[in-house]
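J.: So the sequences go chain by chain: A and B.
Numbering follows the working numbering, in which position 30 of the first sequence is assigned residue number 30; successive positions increment by one, without gaps.
If you want the working numbering, it's the 1-based position in the second sequence plus 233.
Please note that the accuracy of each hint is not assured.
Computed footprint of chain A on chain B; a stretch qualifies when at least three of its residues, placed anywhere within it, have a C-beta under 8 Å from a C-beta of chain A [to be verified]:
1. 234-247
2. 282-288
3. 291-304
Keeping only pairs whose Cα atoms sit at most 20 Å apart, straight-line, the calculated EDC-like set for lysine to aspartate or glutamate is [claimed, not checked]:
4. K101(A) <-> E201(A)
5. K170(A) <-> E156(A)
6. K250(B) <-> D238(B)
7. K170(A) <-> D80(A)
8. K170(A) <-> D60(A)
9. K254(B) <-> D60(A)
10. K101(A) <-> D60(A)
11. K324(B) <-> D80(A)
12. K157(A) <-> D60(A)
13. K162(A) <-> E152(A)
14. K170(A) <-> E83(A)
15. K157(A) <-> E223(A)
16. K170(A) <-> E265(B)
17. K324(B) <-> E70(A)
18. K324(B) <-> D141(A)
19. K250(B) <-> D141(A)
20. K170(A) <-> E305(B)
21. K162(A) <-> D314(B)
22. K194(A) <-> E265(B)
23. K162(A) <-> E223(A)
24. K254(B) <-> E229(A)
25. K194(A) <-> D262(B)
26. K324(B) <-> E35(A)
27. K324(B) <-> D60(A)
28. K254(B) <-> E36(A)
29. K101(A) <-> E66(A)
30. K162(A) <-> D262(B)
31. K324(B) <-> E83(A)
32. K254(B) <-> D238(B)
33. K194(A) <-> E83(A)
34. K254(B) <-> E125(A)
35. K157(A) <-> E305(B)
36. K250(B) <-> D262(B)
37. K101(A) <-> D129(A)
38. K170(A) <-> E223(A)
Just so you know, the hints here were simulated from the structure itself, not pulled from any lab data.
Cβ atoms here follow ideal geometry from the backbone N, Cα and C, with glycine treated the same way.
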Amino acid sequence: MLGRGKRAVLPQATPRSSGTTRDEQGLLVALRGGEEAAFASLVERYHGSLIRVALAYVSDRSVAEEVVQETWIGVLEGLDRFEGRSSLKTWIFSILTNKAKSRGVRESRHVSFSAIGDPGDDSNEPAVDPSRFVASGFWVDHWASPPHPWDEETPEKRFLTKEGGIYLEKAIQALPPHLRQVLVMRDVEGLGSKEVCGFLEISEANQRVLLHRARAKVRQALERYVNGEIPQP
Amino acid sequence: MTREDLKNQAIDYLAGKVTCKGFTEAVTDYLEGRQSFLLWLRFQMHLGLCLGCRTYLRQMRQTIYTLGRLPEEPVPPAVRDELLRRFRTWKSR
Ligand SMILES: [Zn+2]
Numbered sequence: 001m002l003g004r005g006k007r008a009v010l011p012q013a014t015p016r017s018s019g020t021t022r023d024e025q026g027l028l029v030a031l032r033g034g035e036e037a038a039f040a041s042l043v044e045r046y047h048g049s050l051i052r053v054a055l056a057y058v059s060d061r062s063v064a065e066e067v068v069q070e071t072w073i074g075v076l077e078g079l080d081r082f083e084g085r086s087s088l089k090t091w092i093f094s095i096l097t098n099k100a101k102s103r104g105v106r107e108s109r110h111v112s113f114s115a116i117g118d119p120g121d122d123s124n125e126p127a128v129d130p131s132r133f134v135a136s137g138f139w140v141d142h143w144a145s146p147p148h149p150w151d152e153e154t155p156e157k158r159f160l161t162k163e164g165g166i167y168l169e170k171a172i173q174a175l176p177p178h179l180r181q182v183l184v185m186r187d188v189e190g191l192g193s194k195e196v197c198g199f200l201e202i203s204e205a206n207q208r209v210l211l212h213r214a215r216a217k218v219r220q221a222l223e224r225y226v227n228g229e230i231p232q233p
Numbered sequence: 234m235t236r237e238d239l240k241n242q243a244i245d246y247l248a249g250k251v252t253c254k255g256f257t258e259a260v261t262d263y264l265e266g267r268q269s270f271l272l273w274l275r276f277q278m279h280l281g282l283c284l285g286c287r288t289y290l291r292q293m294r295q296t297i298y299t300l301g302r303l304p305e306e307p308v309p310p311a312v313r314d315e316l317l318r319r320f321r322t323w324k325s326r
């Protein structure tokens with residue numbers, strides 16, 4: 001299994017913000033030299049991630065697959081011109097997001113980012129249900145019903161099982177498009193904050209708002225799952 | 234005003250008025266390190282006293298951790314073969 005270059009537990013700005021990594025430079029040389037194994041390993045490494053990000057843009061599975069196919073062709077066409085100013089990974093994802101965006105526009109399913117703040121995006125929705133805080137008095141806005149701690153093994157034991165994974169994937173797909181795009185790129189695929197802002201053409205502040213809403217919704221979904229409020233298969 | 238009063242006033246100022254609701258709305262800024270030092274300090278002080286917010290923060294971290302470990306679907310063999318075929322065509326360009 002090839003690693004996907006996932007980040008550590010804590011979300012932080014990626015330390016390597018630009019330029020290809022050593023590992024990628026070797027891969028680039030091999031690719032340009034026509035080594036099939038190098039391309040095969042690139043496909044192994046990124047195909048699933050590309051499908052996932054494409055699905056954050058276009059909801060139709062077959063359209064997402066086409067977009068990824070076009071992306072790989074774009075990668076081959078651009079390989080000789082790629083200058084290594086960004087990482088290879090960033091470059092591949094920039095090709096994907098461009099293709100996914102234009103495809104989304106063609107299918108008029110892509111919502112422009114000027115629509116941020118529309119009710120559809122829930123940007124103004126609180127992170128936590130207001131009824132969980134004290135409504136008035138000295139302790140106003142402090143927890144009335146605080147979250148119950150999950151035990152340390154919960155992520156592996158509950159969410160990273162087959163059932164838990166399916167539930168979590170559904171929770172992600174249920175997010176409004178912009179929240180989903182930011183969350184998938186930042187937290188699932190581990191792309192950096194700067195890169196993601198570039199792909200989505202939004203400010204960092206805007207991105208943080210979207211990321212925050214998205215994470216809050218997913219945490220809430222996981223909480224319901226742990227508490228058994230969701231019929232578990 | 235006694236020394237003790239002054240000390241308490243200083244602590245009140247530093248601690249600010251952090252509410253649990255406020256913390257849950259700012260937890261991403263906190264995690265991304267996008268806060269002033271004073272605000273960060275206020276959150277630290279709040280977290281020290283508030284089990285609910287410590288739990289919320291912990292769950293946010295567990296959520297992010299889990300998202301980063303979702304398994305990726307494997308490349309279907311047919312797709313892989315087609316892509317490698319394209320690579321060979323590109324190679325003989
Ligand atoms: Zn609190």
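J.: Taking 20 Å as the top limit, are the C-alpha atoms of K324(B) and D80(A) close enough?
T.: holds (11 Å)
J.: Mind checking the alpha carbons of K170(A) and E223(A) for me, to see if they're no more than 20 Å apart?
T.: holds (14 Å)
J.: Take a quick look at whether K194(A) and E265(B) sit within 20 Å of each other, Cα to Cα.
T.: holds (12 Å)
J.: Would you mind confirming whether the straight-line C-alpha gap from K254(B) to E125(A) stays at or under 20 Å?
T.: Between K254(B) and E125(A) the Cα gap is close to 13 Å, so the pair holds against 20 Å.
J.: With the threshold set at 20 Å, check whether the alpha-carbon distance from K194(A) to D262(B) stays at or below it.
T.: holds (15 Å)
J.: Is the Cα-Cα distance between K324(B) and D60(A) 20 Å or less?
T.: violated (32 Å)
J.: Is the hinted pair K101(A) and E201(A) satisfied, with a Cα-Cα distance of at most 20 Å?
T.: holds (11 Å)
J.: Between K170(A) and E156(A), is the straight-line Cα distance small enough, at 20 Å or below?
T.: holds (18 Å)
J.: How does the stretch 234-247 of chain B fare against chain A when you require at least three residues with a CB closer than 8 Å, holds or violated?
T.: Violated, because only 0 residues of the stretch 234-247 of chain B bring their Cβ atoms closer than 8 Å to Cβ atoms of chain A.
J.: For K254(B) and D238(B), compute the direct alpha-carbon distance and say whether it is at most 20 Å.
T.: Distance ~29 Å between K254(B) and D238(B) Cα, so the pair is violated.
J.: For the pair supplied as a hint, K170(A) and E83(A), confirm whether the alpha-carbon distance does not exceed 20 Å.
T.: violated (38 Å)
J.: Hint check: K162(A) vs D314(B), CA-CA at most 20 Å. Holds or violated?
T.: violated (28 Å)
In this structure, the hints that do not hold are numbers 1, 7, 9, 12, 14, 16, 18, 21, 24, 27, 28, 30, 32, 37, in rising order.
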